Amino acid sequence: MKTENPQSTIRNPYIPYPVRIDKITIENADRDLKTLKLVFLNKEDEESFQYLPGQFAELSVFGKGESPIGIASSPTEQGFLLFTVKRVGVLTSDLHDSEEGRIIGVRGPLGKPYPLDVMEGKNVVIVGGGFAFTTLRSTIRYILAPQNRSRFEKVTCIYGARSPGELMYKEELKEWEANPDIDMHITVDKGDESWTGREGFVPTVLKQVAPSADNAIALVCGPPIMLKFTFPVLLELDFAPEMIVVSLEMRMKCGIGKCGRCNIGNTYVCKDGPVYTYRQLQSLPAEY
Amino acid sequence: MAETITARAMEKKKFADFTRAIVDNGYQLYGPAIEGREAIIAQIAEQADVSFDYRNFKMSPKDLFLSQSEVLCRFCRGEIVPDAAADDGRRVLLGIRPCDAKAISLMDKVFLQEPADSYYKRKRDNTVVISAVCSSPEDTCFCTSVGGSPASTEGSDILLTDLGESYLLEPVTPKGEDFLNRFSSLTRNASKNEVREKERIVEEAASRMQKMDLEGIAERFAKAFESDLWDTPSQRCLGCGICTYFCPTCHCFDVTDETLHENGRRLRTWDSCMYSLFTLHASGHNPRPSQRERTRQRFMHKFSYSVDNYGELFCVGCGRCIKHCPVNIDLREVIAP
Ligand SMILES: Cc1cc2nc3c(=O)[nH]c(=O)nc-3n(C[C@H](O)[C@H](O)[C@H](O)COP(=O)(O)OP(=O)(O)OC[C@H]3O[C@@H](n4cnc5c(N)ncnc54)[C@H](O)[C@@H]3O)c2cc1C
Ligand code: SF4
Ligand code: SF4
Ligand code: FES
Chain Z
0 MKTENPQSTI RNPYIPYPVR IDKITIENAD RDLKTLKLVF LNKEDEESFQ YLPGQFAELS
60 VFGKGESPIG IASSPTEQGF LLFTVKRVGV LTSDLHDSEE GRIIGVRGPL GKPYPLDVME
120 GKNVVIVGGG FAFTTLRSTI RYILAPQNRS RFEKVTCIYG ARSPGELMYK EELKEWEANP
180 DIDMHITVDK GDESWTGREG FVPTVLKQVA PSADNAIALV CGPPIMLKFT FPVLLELDFA
240 PEMIVVSLEM RMKCGIGKCG RCNIGNTYVC KDGPVYTYRQ LQSLPAEY
Chain U
0 MAETITARAM EKKKFADFTR AIVDNGYQLY GPAIEGREAI IAQIAEQADV SFDYRNFKMS
60 PKDLFLSQSE VLCRFCRGEI VPDAAADDGR RVLLGIRPCD AKAISLMDKV FLQEPADSYY
120 KRKRDNTVVI SAVCSSPEDT CFCTSVGGSP ASTEGSDILL TDLGESYLLE PVTPKGEDFL
180 NRFSSLTRNA SKNEVREKER IVEEAASRMQ KMDLEGIAER FAKAFESDLW DTPSQRCLGC
240 GICTYFCPTC HCFDVTDETL HENGRRLRTW DSCMYSLFTL HASGHNPRPS QRERTRQRFM
300 HKFSYSVDNY GELFCVGCGR CIKHCPVNID LREVIAP
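From first to last, the protein sequence lines are chains Z and U. Note that numbering that gives the first Met the number 0 gives residue 144 to position 145 of the first sequence, counting from 1, and the numbers run on in steps of one. Note that numbering that gives the first Met the number 0 gives residue 300 to position 301 of the second sequence, counting from 1, and the numbers run on in steps of one.
The set of hints was computed from the structure by calculation and includes no laboratory data. Here the structure is a predicted model, which means the values were calculated and not measured. Warning: the hint list may mix true and false statements.
Said to hold, decoys possible - Computed Cβ-Cβ distance ranges for the label pairs, DEER-style:
hint, chain 1, residue 1, chain 2, residue 2, range
1, U, Arg181, Z, Thr75, 25 to 35 Å
2, U, Ala335, Z, Ser97, 52 to 62 Å
3, U, Asp230, Z, Ala285, 14 to 24 Å
4, U, Phe224, Z, Lys22, 16 to 26 Å
5, U, Asp230, Z, Thr75, 34 to 44 Å
6, Z, Glu119, U, Ile79, 36 to 46 Å
7, Z, Pro223, U, Ser289, 11 to 21 Å
In this text, a Cβ means the ideal position worked out from N, Cα and C, and glycines have one as well.
Looking at chain Z on its own, in the form it has when it is part of the complex:
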């Protein structure tokens, strides 16, 4: 008989790491987007949480449940994790009602990151709309980090929100607009009296900016309607379907390919995704 104690050899993938909410930032005028800065309670946990832009984690509150949330921080930012959470239901509301100092859980990192190896040596076009900009923020921070910048060519970013008040990460947006390492195009669907920037939907602005598809790869994140109108523009600009990358959402529970909840066709968004190329998307059933 084998005398093996499985508990001692494998980590239980369902148990979250304890983290402290170090800081809460309200991101938008509607006050339904908050960024949580989380700090690990244990150094070993922080060391085992090795992630890359595009991955997500399950945020966990015992008694309320768990939610998959994209990691908004970049691994180049040490000592904390950032998550931007929209208030929608039970768990996200509970997180919104948190005070700094509260202990919650984080389980991950989960899923596959953006294809950084493919992006290397290429022009990177980042197209984001609404609050789905989170993992794109991670990507921009990652690329702009001095140790990484030379691995990528020109970086162009088009980011849009409904109104000026809905733009997230405002301080950083200002910094990036002044940074020659990235070409920023910020737009709002409709401006207000004080808005001096661009107006227009993301796909329209993308068309105007018309980044070259030459040696380029596009990362796209946004609400379904934005995706629907953005893909044709990118194709028109001659981006190959495999050079258009998107991040998908499905309802999730386990996050590790066991509970059967998040599949689109033969792929599990939690473990095979959430990052897919448009080429892959074309071969999947439209069940998302």
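Chain U with the ligands: place on chain Z using the hints.
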């Protein structure tokens, strides 16, 4: 097992000694019990008169590996508390049919794949599976159409055949071999005749099942995604989920938290892709809005996606979904070429 040398045999009159020895060796013994007119699998006492004279268990044994409801962890005032109650008992699972044993081997592909599910793995490692060759398939059975057989060994540690006067015991895995060695005083080498008799029983049983040719079903289904193949079953389907609860390979689960005052627990419970809430997003969007998409998902998962992902059909032909569907949806009609 091709090697007849390794096959053991046990006189029926010694079987009570065997079950007693199993219990005395510190195992919990799960085996056949009769509940009303149905056979079920239950923890049995050492002296129980065990017979394998049933067709199949009403419910599959999946609950013993993926519990219908199971505590993932306990917490108090929002902080996790160590759970001393975790049951590490070693178990023997006696008398499940080869189809259900094969289903365990399919569940293994999901739950033991990295990162391994620690709850499942613990139970799997602690269990010796002794399956019993099926001599009387029901008219809803079709294991031979989905790559199984009344004597398939996948998922079993030991394969048992009721030969009338004696039992044939064939070790399948090293674990099963070790186990039989511990009780070698109760067994003897099987004779050639006994092995031949088993083969006859298996052939007899297999000949009673209709065999469908399901070659290439994964591609056939993938092509039929937008077809009317799903119309009939989905129009009748009530979305009750019974088919998935009875199915030995369905493994979808939900995770929920329960609290009472300051204490609580995080639970996982069986769930079903046949329910509308299964994929409903917080935004109200539902990628599978009607029973048509959900019925299709169940079939596609078992006969197409699982082939892409694991190289296996996730149906073992046990027929339970056919037997228990309240509106008589017969899966065979959907998968038939
Ligand atoms: C890969 C991925 C990344 C995401 N990133 C972000 C992000 O960065 N910021 C953000 O605010 N939101 C993000 N979401 C959506 C977020 O997970 C849901 O809004 C959240 O789970 C809703 O939970 P709730 O308890 O507040 O809502 P409720 O409606 O009360 O949720 C009940 C249950 O439904 C599940 N659920 C409901 N909707 C979703 C959904 N859309 N996706 C997954 N599970 C769901 C949850 O598991 C929860 O247990 C992401 C989703 C995925 C899949
Ligand atoms: S048992 Fe029958 S009615 Fe119920 S969900 Fe399954 S197919 Fe539909
Ligand atoms: S799909 Fe039906 S016949 Fe196939 S294994 Fe599941 S319950 Fe048995
Ligand atoms: S969330 Fe459980 S399988 Fe993807």
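Hint check results:
1. For the pair U:Arg181 and Z:Thr75, the supplied restraint of 25 to 35 Å is violated, since their beta-carbon distance comes to about 57 Å.
2. Roughly 55 Å separates the CB atoms of U:Ala335 and Z:Ser97, a value that falls within the hinted 52 to 62 Å.
3. Our hint of 14 to 24 Å for U:Asp230 and Z:Ala285 holds, since their Cβ atoms are close to 19 Å apart.
4. A beta carbon spacing of about 47 Å between U:Phe224 and Z:Lys22 contradicts the range 16 to 26 Å that was offered as a hint.
5. Distance hint check for U:Asp230 and Z:Thr75: the Cβ-Cβ separation is about 53 Å, which falls outside the suggested range of 34 to 44 Å.
6. Taking 36 to 46 Å as the suggested C-beta distance range, the pair Z:Glu119 and U:Ile79 conforms, at roughly 40 Å.
7. As the Cβ distance of Z:Pro223 to U:Ser289 is approximately 19 Å, the hint placing it in 11 to 21 Å holds.
In the structure shown, a violation is registered for the earlier hints numbered 1, 4, 5, in ascending order.
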